[in-house]
Amino acid sequence: MPTVLKLSIVEIKLYLREPLGVFFAVLFPAVLLVVLGSAIPAFRDPSADIGGRVPIEFFFPIALALAIATAMLVPLLNTLALYRERGVLRRLATTPASPAALLGAQVAVNLLALLAGCLLAWLAGRLAFGIPLPGNPAGFALALVLGAAAMGALALCLAAVAKSARAAAGIGQVVYFPMLFFAGVWTPGPLMPAAVRRVADFVPLGAASQALQDTWAGGWPRPLHLAVAAASVALFGGLAVRFFRWT
Amino acid sequence: MAIIEVRNLHKRYGDTVAVHDVSFDVERGEIFGLLGPNGAGKTTTVETLEGLRRPDSGAVRVLGLDPQRDRVELRQRVGVQLQEGRLPERIKVWEALDLYASFYRQPADWRQLMADLGLSDKRDAAYGRLSGGQKQRLSVALALVGNPEVAILDELTTGLDPEARREVWHLIRAVRARGVTVVLVTHFMDEAERLCDRLAVLKAGRVVALDTPAALVAAVPARRGERPTLEDAFLSLTQEV
Ligand SMILES: Nc1ncnc2c1ncn2[C@@H]1O[C@H](COP(=O)(O)OP(=O)(O)O)[C@@H](O)[C@H]1O
Ligand SMILES: [Mg+2]
Numbered sequence: 001m002p003t004v005l006k007l008s009i010v011e012i013k014l015y016l017r018e019p020l021g022v023f024f025a026v027l028f029p030a031v032l033l034v035v036l037g038s039a040i041p042a043f044r045d046p047s048a049d050i051g052g053r054v055p056i057e058f059f060f061p062i063a064l065a066l067a068i069a070t071a072m073l074v075p076l077l078n079t080l081a082l083y084r085e086r087g088v089l090r091r092l093a094t095t096p097a098s099p100a101a102l103l104g105a106q107v108a109v110n111l112l113a114l115l116a117g118c119l120l121a122w123l124a125g126r127l128a129f130g131i132p133l134p135g136n137p138a139g140f141a142l143a144l145v146l147g148a149a150a151m152g153a154l155a156l157c158l159a160a161v162a163k164s165a166r167a168a169a170g171i172g173q174v175v176y177f178p179m180l181f182f183a184g185v186w187t188p189g190p191l192m193p194a195a196v197r198r199v200a201d202f203v204p205l206g207a208a209s210q211a212l213q214d215t216w217a218g219g220w221p222r223p224l225h226l227a228v229a230a231a232s233v234a235l236f237g238g239l240a241v242r243f244f245r246w247t
Numbered sequence: 001m002a003i004i005e006v007r008n009l010h011k012r013y014g015d016t017v018a019v020h021d022v023s024f025d026v027e028r029g030e031i032f033g034l035l036g037p038n039g040a041g042k043t044t045t046v047e048t049l050e051g052l053r054r055p056d057s058g059a060v061r062v063l064g065l066d067p068q069r070d071r072v073e074l075r076q077r078v079g080v081q082l083q084e085g086r087l088p089e090r091i092k093v094w095e096a097l098d099l100y101a102s103f104y105r106q107p108a109d110w111r112q113l114m115a116d117l118g119l120s121d122k123r124d125a126a127y128g129r130l131s132g133g134q135k136q137r138l139s140v141a142l143a144l145v146g147n148p149e150v151a152i153l154d155e156l157t158t159g160l161d162p163e164a165r166r167e168v169w170h171l172i173r174a175v176r177a178r179g180v181t182v183v184l185v186t187h188f189m190d191e192a193e194r195l196c197d198r199l200a201v202l203k204a205g206r207v208v209a210l211d212t213p214a215a216l217v218a219a220v221p222a223r224r225g226e227r228p229t230l231e232d233a234f235l236s237l238t239q240e241v
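Chains as they are written, first to last, in the numbering used here: chain D, 1 to 247; chain V, 1 to 241.
In short, the hints are calculated from the structure, not lab data. Keep in mind it's a predicted model, so treat the numbers as computed, not measured. For glycine and all other residues, C-beta sits at the position ideal for the given N, C-alpha and C. Don't take each hint at face value.
[Stated by the list, open to error] Each pair of labels, with its calculated beta carbon distance range:
no.	chain 1	residue 1	chain 2	residue 2	range
1	V	R206	D	F202	37 to 47 Å
2	V	G159	D	K13	21 to 31 Å
3	V	R105	D	I40	14 to 24 Å
4	V	R206	D	V161	27 to 37 Å
5	D	V161	V	A204	27 to 37 Å
6	V	S23	D	P178	48 to 58 Å
7	V	S23	D	A230	47 to 57 Å
8	D	P178	V	G64	29 to 39 Å
9	V	Q83	D	G219	52 to 62 Å
[What the hints assert, rightly or not] Not close to chain D: a few residues of chain V, all C-beta gaps over 12 Å, as computed:
no.	residue
10	H10
11	R123
12	L130
13	Q134
14	R173
15	L210
Please put together the full structure from these sequences, using the hints given.
Here is the structure:
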């Protein structure tokens, strides 16, 4: 069995044994959606402005962008930083396991957890508020995976340079909130000023959020957003492998 | 031909000179000891052999390979137990062995190793729940799971009770009997004396003696009619100013 697969399987088991990681990636999106929908009546009451549909429907793709950022910037960054701090990476460094296999396994595990979390969020949204399927399911899946890969690569890049778990958490926060801003978490859809939206197109999570919203509405992701996500994977992933330190 | 060659190795951390002009050879099939007080530079020396640290100057060859340039090949053939290396808290004993075995081209049978190290009844225990001695034994097992030609073991019996230490010694002899060359870092005199074919005694980053344990002891003048021990030899080598 290839090393990266074996490492992924072990990391999945470890992930499931760690309640905090399970919460952040798997349960968080569903909890967020249900709490928002329940707390703010305007979110779940059908609105005549949007053809009698529930506003939370439009928030769903943005909630998933938030889920991407949370799953990638919290557990992934934290696990790698702890592994470095505690000498787990140092131990691995004496074996033939490659950094790429280790990093790949981390992204794979967190991506799986994220996908499970998104599915759970959709089911919760369906049951609680009757939200529909994505308008363009294939495009939506593509936007989700590509967006997660872009954020995963960014997280690896940060984890590659963070010296301690505490530093990693700090850097994670500094990146997390601006990412959410550009994803439209506070200014969804038409509320986002045009200038901000222009910048958001070029920010990994902003592009992912736009692509999720476009495909949710039934369209295809715009080439610009796909290009930004792919370029983020290549750039940050490359930097992560290049600057990865075992100790 | 020497399986490990260290020539004029120097390594400093900022103002601290950790290793100052260390040279020695390790022959194939021997158990070679590095003995010295804390801070003598033992860990730094072996970590340059493992490719974890880059020497400031000097030459290091392991199995004819350069630990920096040929790290991929070296890691297939050298097994390591780190003084400070850990596993994820929640990984189980069998999972760690199975995972590490998968890294190597020709791994040993990890179930057999687990039994040899008395860990079979801890098979499903999480690493974080093992006692110090059990962690140490797992660490030795992981160092051997790749069927290495060279095993570098740093403070392998620190934290073990006397009975467990003797079991590990027994295992090290068995490993050597299979043709594995062993480099043993220790600060225990009895361990060095019983296990090692040859010893380098380090003090403040320098090799102050290099010989068989018996020859090191024989070099110490007898005092008050007492037969000198390796401890006497060690003290006279590392304490004189
Ligand atoms: N990463 C490091 N940074 C700074 N100083 C270090 C580092 N590692 C070791 N040292 C210093 O180098 C010296 C030798 O350390 P070490 O090789 O660990 O010795 P030993 O293993 O014999 O106890 C000590 O003075 C130690 O404090
Ligand atoms: Mg040491």
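Against the structure, the hints:
no.: 1; hint: V:R206 - D:F202: 37 to 47 Å; in the structure: violated, 57 Å
no.: 2; hint: V:G159 - D:K13: 21 to 31 Å; in the structure: holds, 27 Å
no.: 3; hint: V:R105 - D:I40: 14 to 24 Å; in the structure: violated, 59 Å
no.: 4; hint: V:R206 - D:V161: 27 to 37 Å; in the structure: holds, 36 Å
no.: 5; hint: D:V161 - V:A204: 27 to 37 Å; in the structure: holds, 34 Å
no.: 6; hint: V:S23 - D:P178: 48 to 58 Å; in the structure: holds, 54 Å
no.: 7; hint: V:S23 - D:A230: 47 to 57 Å; in the structure: holds, 52 Å
no.: 8; hint: D:P178 - V:G64: 29 to 39 Å; in the structure: violated, 52 Å
no.: 9; hint: V:Q83 - D:G219: 52 to 62 Å; in the structure: holds, 58 Å
no.: 10; hint: H10; in the structure: holds, 20 Å
no.: 11; hint: R123; in the structure: holds, 15 Å
no.: 12; hint: L130; in the structure: holds, 15 Å
no.: 13; hint: Q134; in the structure: holds, 16 Å
no.: 14; hint: R173; in the structure: holds, 23 Å
no.: 15; hint: L210; in the structure: holds, 25 Å
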